[in-house]
Amino acid sequence: MLQYTVKRILLVIPTFFMISLLIFLVLNIAPGRPGATGGAGQGESQNQEQQESYRIFKEQFNLDKPILVNTRYTLDADDARELLVTAYSIGGQASAKDRIAASDALSEYGAYLVRPLVELLDDADPAVRRKALDALVVAGQQPFENDRRGDDDARAAARDANKRIAAENQTLKERRLSADADDADIEAAAEAWKAWYLGHEDRYTYTLSEQVEIFFLDTRFAKYWGNLLHLDFGVSTVDRRPVMETLLGKLKYSLTLSTLAIIIAYSVAVPIGIFSAVRQGTRLDAAITVGLFVMYSLPTFFTGTVLLKLFTEGDPFAVFPTGDFQTMTSDPMTTWTLTKDIAWHLVLPIATYTSVALAALSRYARSGVIDVIRADYIRTARAKGLSEPVVILKHAVRNGMIPILTLLGGLLPSLVAGSVVIEVVFNIPGMGQYLYSSINLRDYNAVMAVLLASSFLALIGILLSDLSYALVDPRISFD
Amino acid sequence: MTSDVPVAPPVEDPSYGQIVWGQFQKRRIAMASLFGLLSLVLVAVYVPLFASNKPFLWNAGDGLSSPWLLALFDRNFYENQVDIFFNTLMVFGSLAAVPVAVVFRRSRTLRRRPRQAARQRALLAALAFVVVAFGAVNAAGMQQEKTVFPKLQAQLEGQGQAVTAIYPPLPYSFRDGELTETRLPASLAHPLGTDNAGRDVFVRLLYGTRISLTIGVFAVALYITLGTIIGSIAGFYGGRVDALIQRLIEVVICIPSLFLILTVAAFIEDRSIFHIMIIIAAVAWTTPARLVRAEFLRLRNLDFVSAARAVGYREGTIIFKEILPNAIGPVLVAATFGVARAILIESTMSFLGLGDITVPSWGQILNTGRTTSIWTLILAPGFAIFLTVSLLNLVGEGFRDALDPKLRR
Numbered sequence: 101m102l103q104y105t106v107k108r109i110l111l112v113i114p115t116f117f118m119i120s121l122l123i124f125l126v127l128n129i130a131p132g133r134p135g136a137t138g139g140a141g142q143g144e145s146q147n148q149e150q151q152e153s154y155r156i157f158k159e160q161f162n163l164d165k166p167i168l169v170n171t172r173y174t175l176d177a178d179d180a181r182e183l184l185v186t187a188y189s190i191g192g193q194a195s196a197k198d199r200i201a202a203s204d205a206l207s208e209y210g211a212y213l214v215r216p217l218v219e220l221l222d223d224a225d226p227a228v229r230r231k232a233l234d235a236l237v238v239a240g241q242q243p244f245e246n247d248r249r250g251d252d253d254a255r256a257a258a259r260d261a262n263k264r265i266a267a268e269n270q271t272l273k274e275r276r277l278s279a280d281a282d283d284a285d286i287e288a289a290a291e292a293w294k295a296w297y298l299g300h301e302d303r304y305t306y307t308l309s310e311q312v313e314i315f316f317l318d319t320r321f322a323k324y325w326g327n328l329l330h331l332d333f334g335v336s337t338v339d340r341r342p343v344m345e346t347l348l349g350k351l352k353y354s355l356t357l358s359t360l361a362i363i364i365a366y367s368v369a370v371p372i373g374i375f376s377a378v379r380q381g382t383r384l385d386a387a388i389t390v391g392l393f394v395m396y397s398l399p400t401f402f403t404g405t406v407l408l409k410l411f412t413e414g415d416p417f418a419v420f421p422t423g424d425f426q427t428m429t430s431d432p433m434t435t436w437t438l439t440k441d442i443a444w445h446l447v448l449p450i451a452t453y454t455s456v457a458l459a460a461l462s463r464y465a466r467s468g469v470i471d472v473i474r475a476d477y478i479r480t481a482r483a484k485g486l487s488e489p490v491v492i493l494k495h496a497v498r499n500g501m502i503p504i505l506t507l508l509g510g511l512l513p514s515l516v517a518g519s520v521v522i523e524v525v526f527n528i529p530g531m532g533q534y535l536y537s538s539i540n541l542r543d544y545n546a547v548m549a550v551l552l553a554s555s556f557l558a559l560i561g562i563l564l565s566d567l568s569y570a571l572v573d574p575r576i577s578f579d
Numbered sequence: 126m127t128s129d130v131p132v133a134p135p136v137e138d139p140s141y142g143q144i145v146w147g148q149f150q151k152r153r154i155a156m157a158s159l160f161g162l163l164s165l166v167l168v169a170v171y172v173p174l175f176a177s178n179k180p181f182l183w184n185a186g187d188g189l190s191s192p193w194l195l196a197l198f199d200r201n202f203y204e205n206q207v208d209i210f211f212n213t214l215m216v217f218g219s220l221a222a223v224p225v226a227v228v229f230r231r232s233r234t235l236r237r238r239p240r241q242a243a244r245q246r247a248l249l250a251a252l253a254f255v256v257v258a259f260g261a262v263n264a265a266g267m268q269q270e271k272t273v274f275p276k277l278q279a280q281l282e283g284q285g286q287a288v289t290a291i292y293p294p295l296p297y298s299f300r301d302g303e304l305t306e307t308r309l310p311a312s313l314a315h316p317l318g319t320d321n322a323g324r325d326v327f328v329r330l331l332y333g334t335r336i337s338l339t340i341g342v343f344a345v346a347l348y349i350t351l352g353t354i355i356g357s358i359a360g361f362y363g364g365r366v367d368a369l370i371q372r373l374i375e376v377v378i379c380i381p382s383l384f385l386i387l388t389v390a391a392f393i394e395d396r397s398i399f400h401i402m403i404i405i406a407a408v409a410w411t412t413p414a415r416l417v418r419a420e421f422l423r424l425r426n427l428d429f430v431s432a433a434r435a436v437g438y439r440e441g442t443i444i445f446k447e448i449l450p451n452a453i454g455p456v457l458v459a460a461t462f463g464v465a466r467a468i469l470i471e472s473t474m475s476f477l478g479l480g481d482i483t484v485p486s487w488g489q490i491l492n493t494g495r496t497t498s499i500w501t502l503i504l505a506p507g508f509a510i511f512l513t514v515s516l517l518n519l520v521g522e523g524f525r526d527a528l529d530p531k532l533r534r
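Sequences listed follow chains A and B, in order. Quick note: to get the numbering used here, add 100 to the position in the first sequence (first position is 1). Quick note: to get the numbering used here, add 125 to the position in the second sequence (first position is 1).
Worth flagging that the hints you see were computed from the coordinates, not collected in a lab. Keep in mind that the hints are not guaranteed to be accurate.
Pairwise CB distance ranges, derived in the manner of DEER restraints [claimed, not checked]:
id, chain 1, residue 1, chain 2, residue 2, range
1, B, Asp187, A, Thr412, 52 to 58 Å
2, A, Ile364, B, Leu373, 33 to 39 Å
3, A, Ser278, B, Asn263, 40 to 46 Å
Selected chain A positions facing chain B (Cβ under 7 Å, derived; list incomplete) [what the hints assert, rightly or not]:
id, residue
4, Pro399
5, Phe401
6, Val547
7, Leu552
8, Ala553
9, Ser555
Derived coverage of chain A by chain B (criterion: at least 3 residues anywhere in the stretch with Cβ under 8 Å from a Cβ of chain B; other residues may be distant) [what the hints assert, rightly or not]:
id, segment
10, 389-398
11, 526-539
Just so you know, even glycine gets a beta-carbon here, dropped at the ideal spot from N, CA and C.
So here's chain B without its partners, still in its complex pose:
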């Protein structure tokens, strides 16, 4: 306290989060699955680098340009908001990742509180940057003519003009097919062949990662938030409020969820994946609500809550700042399994033709496979769903075991 000489930080007791993370790291399958999931996320973010029919560089004698870069935020090309969002993440998220990494490295030697504060600030700033960029990109509303560059190149070269073009390794669009190249078998040019509309199956599969992950993560975030709030209120106040919420939960869990989801989905015209997220969330919120309620019932009579009351905290502060952090563990485990379930539900919906028909969702690709009997169209998306769901379930199991004090290693 009196010395200005920097000292090595004293050995701190590990925080609860560090204990759980340490336990998680000791489970090799779970760790491997976590890395697998991270690579799926990276694929989802960076897929335009591998697959796009826009050339990175294009020179047809009229100067050098980059149609690929211009198309990233082009609503004529990537019609879907999800794709625009992931493209924003790819460009601006990568930019923001650099200063965040620097902050994380520099803060390693700090004590826990300032370290956490610094890292939190950095992450929030990066998030804000990406969100602002997404807003700006949307406001700019870039739109260009629809040019199919590989065709244009062939045409120009046919006329004897020299064209320089550098394409991504898979120069295909996930949406527009080549009608002369339908039902091709797997080859070097098309790793998984093409479908009945002449679209490259592998490219569609890669872009489908974006859809599945978005639906899984956002639907779950939505219903976890909803369920946590409802469950905290029920558990904290107890009595009549609790009884009422309990009855409501009973009513919702009695209705077979897939039936209800399919019915509501069918009645919405022009379904987008945002509708699908909301429908899934509206049915699934009961699970976190019950978990949080049970935790609150257990925690609300403990001493630290009485202490918080005695200090004179407001009820909102007690619920969300004092009790909730202690009750959130089981909810986060349920959230991991929930993402897997949401992905399964979404693919079931699109398999039955009740999803968003404009996006290359895995379930929809599989359904095309069923009706056209093209084997790659059945096996590839099936494997993709299986892989994603398995990884999520394995991470969830590892996480659950890591939280369980009885299973500590």
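Bound-form chain A, shown alone:
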């Protein structure tokens, strides 16, 4: 058993890694450019400042990096030349799509382009030389270090480093030539760049070990995992606040709602299940079975919408508030009134949630008890003269409840993640609604965090239910 437990716990790690890889690939291969919605992004007409701010945005979120493996250290002067020629349509016409792709690549490749571009300063074509100078200004910009992590000293050190980087970036930016620069200016600028490159050559040439490191580690996925190991889910692309913080803030809403609902569902479902198992075959059992079947087949969003419209609008039944978690007011409320207020708001969502869970749970409870009632030891218990309540409650129910107790493990993710549908219908600002709004806003870091967190909990839930199965049922052995 111990061996099995340890093995299962160790298996969590590679499984979680694969889950993160799968989700990451799905999100990154999906079309659509994050952050590109608000002005900055596509199109050629945007000015340099917009381009620069979008480049920094991509750099911040590691969107300038390749997804899984990085081979950009192999870029040479020919590649760089081709990019320049396409991006600026030098000596010919490139299609708009190719041009955009090439100029995106120019801004994304960053430091990897510096060496090839410096080599291009000796190119035969003056147009290429001119554009290479412009591209160098962008490529020479260094990314900032993360100053949100570690203790105060580490943060202060990172901030100091960032000041130095900002100063260097600024001097490089000043090298940008104006549009009316003449040949002498260009010549002088090229010489200045070459001299600068000689001073920083080791930064832009890569040894074999550095190449291996770049290949695997200078990628979006590796950077993401690097952050994840520090429990850093990144910053929302929408409100620029750490996703983790927002998530923890949402947790209390989902947790309250789903914990209450599941406690109620269990405490109603188990007695119903036992009752109808004991009365198996009677009319009452049939009626209960039909009722549960109806509840089971009703879609959540339908139940929710009907309850919402029935009890919040219209004259006779308008008793409950139309959604939200609590009344929005600036008046301070005492704990008691606040609790009452929240409870009043949660009646309908909990009713919806419960009705869904209840049907499935009672069916499990009923079939669990029925399976046990047929067993020999129940007949023995009856034969030795035990009273019927003792037989059922002490002997049958204990074993019959094993399957439905282990279901609890599977409920773990939905406890925390809540339900998208219920939270959207009743406008409860929990995790489900957060996911819903984040996918509509293409907030990758937020979506990724919600998916990862709930998958992790599902993984733990499956582990717990397997282990608890082995714990409560001595017949199961894994050795």
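Starting from the known structure of chain A, arrange chain B on it as the hints suggest.
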């Protein structure tokens, strides 16, 4: 063998399929649900007969024509491939049904093998006919002007011209509303009233049947195929292949499926219902894969498999022709429940605005009801979903019990 006189076929032992079907027939609720489902399918196929704003017959003094018939394969009118497909089924499927019925009747007295062969041939031929017709209809690409006939008729009659027109009982389109007739209550003309865009709710509901059934059936067919292949390979070969596939399945089932489905759906621009089917299939294939794997692990060491190996069958033949037919029962049960689940997932997606917004899907109608507070828009599609899902679940339960030897009656 020596006589030419036709003899009555000898009494045959019932095949496994016949046993299961016999058991299924004894379960009255399941049988009733099966008929209910069949009538839903018929509604989906023949809905243009009841609801269309194109007249069957039209004569405005310039000769008799049938705009209804011309519109059936018109991409300007039925914009969606699904509708064109169902219309093909309505016209050409009905044509093909006649010879199939004849073959089925004639083959009743044959022995099992020739009977099954004849029926299979007939069904395949009919299927091929419908598919070819669908291809031809698509290739023809009929397109006509958008004429709103009820309006035209009123206009012409206003000018004092005599117009003869025979409409289906519900002369409304599921797509184009009448802006002067929004939010009408239920009446004889509009059995369930109209929505906020002046579209007849009942007509939209009827056409929504096509969407739900298509998504349910095709998504499930897709993932059952995928899952069965993966599960057979895992179960048949065992060892490392199995371990690898098991890990993959574990990874997929850990990701909350609705979250993943919604996320992927949101990232696809111009979602069509085909995208939705593929997304559902990509997440749901693990269930049949696990079932088939378990069955294969049980079956692969039995004597008939050793016999097949000894005869020298290829591995592909052993997997798909020898073992799979014995392992498919639980998968078909899961498929029935799967259709219900796929319909629920699709309606949840369109309820949240992440479905195909161009089709009259039930979830989308319900969402309109939520935002506009029109009661028929909430109750009618809700009931439609509930009915379809319940029927499918009841058929699935009956099917499951029929397969269970312990529950034989």
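Taking the hints in turn, this is what the structure says about them:
no., hint, verdict
1, B:Asp187 x A:Thr412: 52 to 58 Å, "holds (56 Å)"
2, A:Ile364 x B:Leu373: 33 to 39 Å, "holds (37 Å)"
3, A:Ser278 x B:Asn263: 40 to 46 Å, "violated (58 Å)"
4, Pro399, "holds (5 Å)"
5, Phe401, "holds (5 Å)"
6, Val547, "holds (6 Å)"
7, Leu552, "violated (9 Å)"
8, Ala553, "violated (10 Å)"
9, Ser555, "holds (5 Å)"
10, 389-398, "holds (count 5)"
11, 526-539, "holds (count 3)"
Checked against the numbered hints given earlier, this structure breaks hints 3, 7 and 8; the rest are met.
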